[in-house]
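Whole structure, please, built from the sequences with the hints as guidance.
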Amino acid sequence: MAKEQFVKEIADIETDFPQWYTDVVVKTKLVDYGPVKGTMVIRPYAYAIWENIQRELNARFRAAGVENAYFPLLIPMSFMTKEAEHVEGFAPEVAVVTHAGGAKLEEPLVVRPTSETIIGHMYGKWVESWRDLPLRLNQWCNVMRWEKTTRPFLRTSEFLWQEGHSVFASAEEAEEETLAMLRLYEEFAKTVLCMPVLTGRKTEKEKFAGAVATYGMEAMMHDGKSLQSGTTHYMGQNFAKAFGVQFTGKDGVLQYGYTMSYGVSTRLIGALIMTHGDSRGLVLPPPVAPVQVVIVPIAQKKEGVLAACEELSARLTRAGLRVKIDDTDNSPGWKFNEWEMKGVPLRIELGPRDIESGKLTVFRRDTCEKEDGFLLAEAEETVKGLLAEISASLYARAQARMEERIVGASSLEELLEGVDGGNFVRAGWCGERACEDKVKEFAQATARVMDTECDLPTCVCCGKKAKHAVFFARAY
RNA sequence: CGAGGAGUAGCGCAGUUUGGUAGCGCGCUUGGUUCGGGACCAAGAGGUCGUGGGUUCAAAUCCCGUCUCCUCGACCA
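Quick note on numbering: the working numbering labels position 239 of the first sequence as 239, and the sequence is numbered without any gaps.
If you are wondering where the hints come from, they were derived from the structure by calculation, not from laboratory data. Since this is a predicted model, take the numbers as computed values, not measurements. It cannot be assumed that every hint is accurate.
[As the list claims (entries may be wrong)] Calculated lysine-lysine pairs in the BS3-like style (CA-CA distance at most 25 Å, straight line):
| # | residue 1 | residue 2 |
| --- | --- | --- |
| 1 | 207 | 148 |
| 2 | 241 | 205 |
| 3 | 207 | 225 |
| 4 | 82 | 125 |
| 5 | 27 | 37 |
| 6 | 301 | 207 |
| 7 | 207 | 27 |
| 8 | 205 | 225 |
| 9 | 440 | 465 |
| 10 | 467 | 438 |
| 11 | 82 | 104 |
| 12 | 464 | 438 |
| 13 | 27 | 241 |
| 14 | 241 | 225 |
| 15 | 148 | 241 |
| 16 | 125 | 148 |
| 17 | 225 | 82 |
| 18 | 82 | 335 |
| 19 | 384 | 370 |
| 20 | 440 | 464 |
| 21 | 125 | 241 |
| 22 | 250 | 225 |
| 23 | 301 | 324 |
| 24 | 205 | 27 |
| 25 | 250 | 207 |
| 26 | 335 | 27 |
| 27 | 335 | 324 |
[Unchecked claim] The following label-pair restraints were derived from C-beta to C-beta distances:
| # | residue 1 | residue 2 | range |
| --- | --- | --- | --- |
| 28 | 126 | 16 | 45 to 53 Å |
| 29 | 16 | 176 | 23 to 31 Å |
| 30 | 64 | 322 | 21 to 29 Å |
| 31 | 126 | 306 | 56 to 64 Å |
| 32 | 420 | 301 | 23 to 31 Å |
| 33 | 392 | 27 | 26 to 34 Å |
| 34 | 176 | 357 | 53 to 61 Å |
| 35 | 311 | 59 | 43 to 51 Å |
| 36 | 15 | 324 | 28 to 36 Å |
| 37 | 59 | 27 | 55 to 63 Å |
| 38 | 322 | 88 | 42 to 50 Å |
| 39 | 171 | 328 | 57 to 65 Å |
| 40 | 62 | 392 | 48 to 56 Å |
From the three backbone atoms N, C-alpha and C, an ideal C-beta is built for every residue, glycine too.
Next up, the structure:
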């Protein structure tokens, strides 16, 4: 009876997805709302997910020759105006500091919405010779963009992210790095987040303010809407020229560098929730789950139960797993539901029966089924094997869902029908901004990314020869 | 900024039509019995009813003002 009441507490994932999402992030204590509108407090459970994402990405960055650094939060207003498109794109959403130290500032300071400008400024001082290149730095920080409507993780006024900024001597190297980072993100999404993504170049309308080209990865959420989950930008010499990033080449000629940047944010946590979550709450992929295995003692006051739990926990921890014993005095049923809602991939129920028989009872969060018959003595291998299976099955499930919900369209009506049905629509596009705008107006769908090849004959809007195959979708 | 809705205990809400002792559920605290899918009993703590004014013997309730939040729209590399 209480079970049904509990299920009702979280909105129905099928019929009320936005409400379901909000319920999950609040009821599982991932976040709380900050006192300033549009800001969120990230609670420890969610922050632990973020730390796991950081660890995995840092390892990949290091392997790609990227080092971490930190640049200031406050940027002189004049920096923002040095690159014309950049200031135009970000001006509406920057927060500005006008007073400090009890007096009005001579020059206002902006709270960084992104750090291209201040990093460009420093790179201008640091880069002198071809020997200084390539220069690859990344920073983990917070940024602020004053958004009108917000939703936890997906769009908040302040959020955490990493932003990598690199300078190269040639356009080719910078362009190649832009694509390499996109591939790095894609591999990370697949193996760490167990999340399939579509990658590709963005249209002019959707690209970063000040970039020559923007590439993005888009993930499909449960309701068929798209979430931009990471971007890489090739800047050409735009920012190098604005900030004087010049070096003397091997040929002795003073020239501008070529820059690129890339970033992913705490929005990835939102992406995880909306990709894998179900009617019971979160489902976290093992590589990022703060708790990979929760041990629920049964009849924990009976002699030997807690001791057996602690012994098992120690063994699994030694095997490199993140383990938690829930020894609170809630009833087992309460604990089951609690940890299912929090998305722990694997639960072990350990009671007198298991201890006596030497067996292991587990519950898989991805299938919501109990499995037994494993031997307690082989717990390490069993659990590791199951976690790997869970990762694989989460990816496969999400991948299958995405593939079956990519449809084609040869007219605006078909495109509308496609996105109304919760699909991505792959359609031809002539490359004209007017047609892109028309699609948005007609179907409330935007061009998410362009496919690498154009195998479609005509533009879905005007019927002229198509230049690109584009994935259209409604987006968060 | 446009349209709609809501402000009462930590959370969710009832009470407002018809003015008359501040209520319910969950949570929390204490003690006890429980524990293989959200257990139960007992006792307890907790509220300037968003806010300012007005009407009245009396206002959560009626009137006027004002603030905040939510949903949808617009906006959002």
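Status of the hints after comparison with the structure:
1. In summary, the hint linking residue 207 to residue 148 is supported, as the alpha carbons are separated by about 20 Å, within the 25 Å threshold.
2. Restraint check for residue 241 and residue 205: the C-alpha separation of about 23 Å stays at or below 25 Å, so the hint holds.
3. Only pairs whose Cα atoms come within 25 Å are accepted, and residue 207 paired with residue 225 is accepted, the gap being roughly 19 Å.
4. Distance hint between residue 82 and residue 125 is fulfilled; the C-alpha atoms sit about 16 Å from each other, no more than 25 Å.
5. Between residue 27 and residue 37 the CA atoms are separated by roughly 20 Å; this keeps the pair inside 25 Å, and the hint holds.
6. Annotation: proposed proximity of residue 301 to residue 207 is violated, straight-line Cα distance about 60 Å (limit 25 Å).
7. Among the hinted pairs, residue 207 with residue 27 is inconsistent with the structure: their alpha-carbon atoms are about 35 Å apart, more than 25 Å.
8. Under the criterion of a C-alpha separation no larger than 25 Å, the hint pairing residue 205 with residue 225 is consistent with the structure, at around 19 Å.
9. Distance hint between residue 440 and residue 465 is fulfilled; the C-alpha atoms sit about 20 Å from each other, no more than 25 Å.
10. Restraint check for residue 467 and residue 438: the C-alpha separation of about 17 Å stays at or below 25 Å, so the hint holds.
11. Straight-line distance between C-alpha atoms of residue 82 and residue 104 comes to about 23 Å, which keeps the hinted pair within the 25 Å bound.
12. Of the pairs offered as hints, the one joining residue 464 and residue 438 holds, with about 14 Å between alpha carbons and a cut-off of 25 Å not exceeded.
13. Between residue 27 and residue 241 the alpha-carbon distance is near 49 Å, which puts this suggested pair outside the 25 Å criterion.
14. Only pairs whose Cα atoms come within 25 Å are accepted, and residue 241 paired with residue 225 is rejected, the gap being roughly 38 Å.
15. Simply put, residue 148 and residue 241 have alpha-carbon atoms about 33 Å apart, too far for the 25 Å limit, and the pair is violated.
16. Using a Cα cut-off of 25 Å, the hinted pair residue 125 and residue 148 is violated, with the two alpha carbons roughly 37 Å apart.
17. Taking the CA atoms of residue 225 and residue 82, the gap is about 36 Å. The hint is violated against a cut of 25 Å.
18. For the hint linking residue 82 to residue 335, the alpha-carbon distance of about 56 Å lies beyond 25 Å, and the restraint is violated.
19. Between residue 384 and residue 370, the direct Cα distance comes to roughly 16 Å. Compliance with the 25 Å bound is thereby established for this hinted pair.
20. Our distance criterion of 25 Å between C-alpha atoms is met by residue 440 and residue 464, whose separation comes to about 18 Å.
21. A hinted pair counts as satisfied when its Cα atoms are at most 25 Å apart, and residue 125 with residue 241 qualifies at roughly 13 Å.
22. Between residue 250 and residue 225, the direct Cα distance comes to roughly 49 Å. Violation of the 25 Å bound is thereby established for this hinted pair.
23. The straight-line distance between the Cα atoms of residue 301 and residue 324 is roughly 18 Å, inside the 25 Å bound, and the hint therefore holds.
24. The hinted pair formed by residue 205 and residue 27 fails the criterion: a straight-line CA distance of about 37 Å is larger than 25 Å.
25. Using a Cα cut-off of 25 Å, the hinted pair residue 250 and residue 207 is violated, with the two alpha carbons roughly 33 Å apart.
26. Between residue 335 and residue 27, the direct Cα distance comes to roughly 15 Å. Compliance with the 25 Å bound is thereby established for this hinted pair.
27. Straight-line distance between C-alpha atoms of residue 335 and residue 324 comes to about 12 Å, which keeps the hinted pair within the 25 Å bound.
28. Against the hinted window of 45 to 53 Å, the Cβ-Cβ separation of residue 126 and residue 16 comes to about 51 Å, which satisfies the hint.
29. Between residue 16 and residue 176 the beta carbon distance is about 45 Å. The supplied range of 23 to 31 Å is therefore violated.
30. Judged by the Cβ atoms, the range 21 to 29 Å given for residue 64 and residue 322 holds: they are separated by roughly 26 Å.
31. Between residue 126 and residue 306, the C-beta spacing of about 57 Å keeps the proposed range 56 to 64 Å intact.
32. Range check, residue 420 to residue 301: Cβ separation about 56 Å, and the 23 to 31 Å hint is violated.
33. Checked against the given bound of 26 to 34 Å, the beta carbons of residue 392 and residue 27, roughly 28 Å apart, stay inside it.
34. Between residue 176 and residue 357 the Cβ separation comes to about 58 Å, which falls inside the hinted range of 53 to 61 Å.
35. Distance hint check: the CB atoms of residue 311 and residue 59 are about 31 Å apart, inconsistent with the given range 43 to 51 Å.
36. Checking the proposed 28 to 36 Å range against residue 15 and residue 324 shows it holds: the Cβ atoms sit about 33 Å from each other.
37. Our hint of 55 to 63 Å for residue 59 and residue 27 is violated, since their Cβ atoms are close to 32 Å apart.
38. Look at residue 322 against residue 88: about 45 Å separates their beta carbons, and that is inside 42 to 50 Å.
39. For the hinted restraint 57 to 65 Å between residue 171 and residue 328, the CB-CB distance of approximately 59 Å keeps it satisfied.
40. Look at residue 62 against residue 392: about 26 Å separates their beta carbons, and that is not inside 48 to 56 Å.
Comparing the model with each earlier hint shows violations of hints 6, 7, 13, 14, 15, 16, 17, 18, 22, 24, 25, 29, 32, 35, 37, 40; every other hint is respected.
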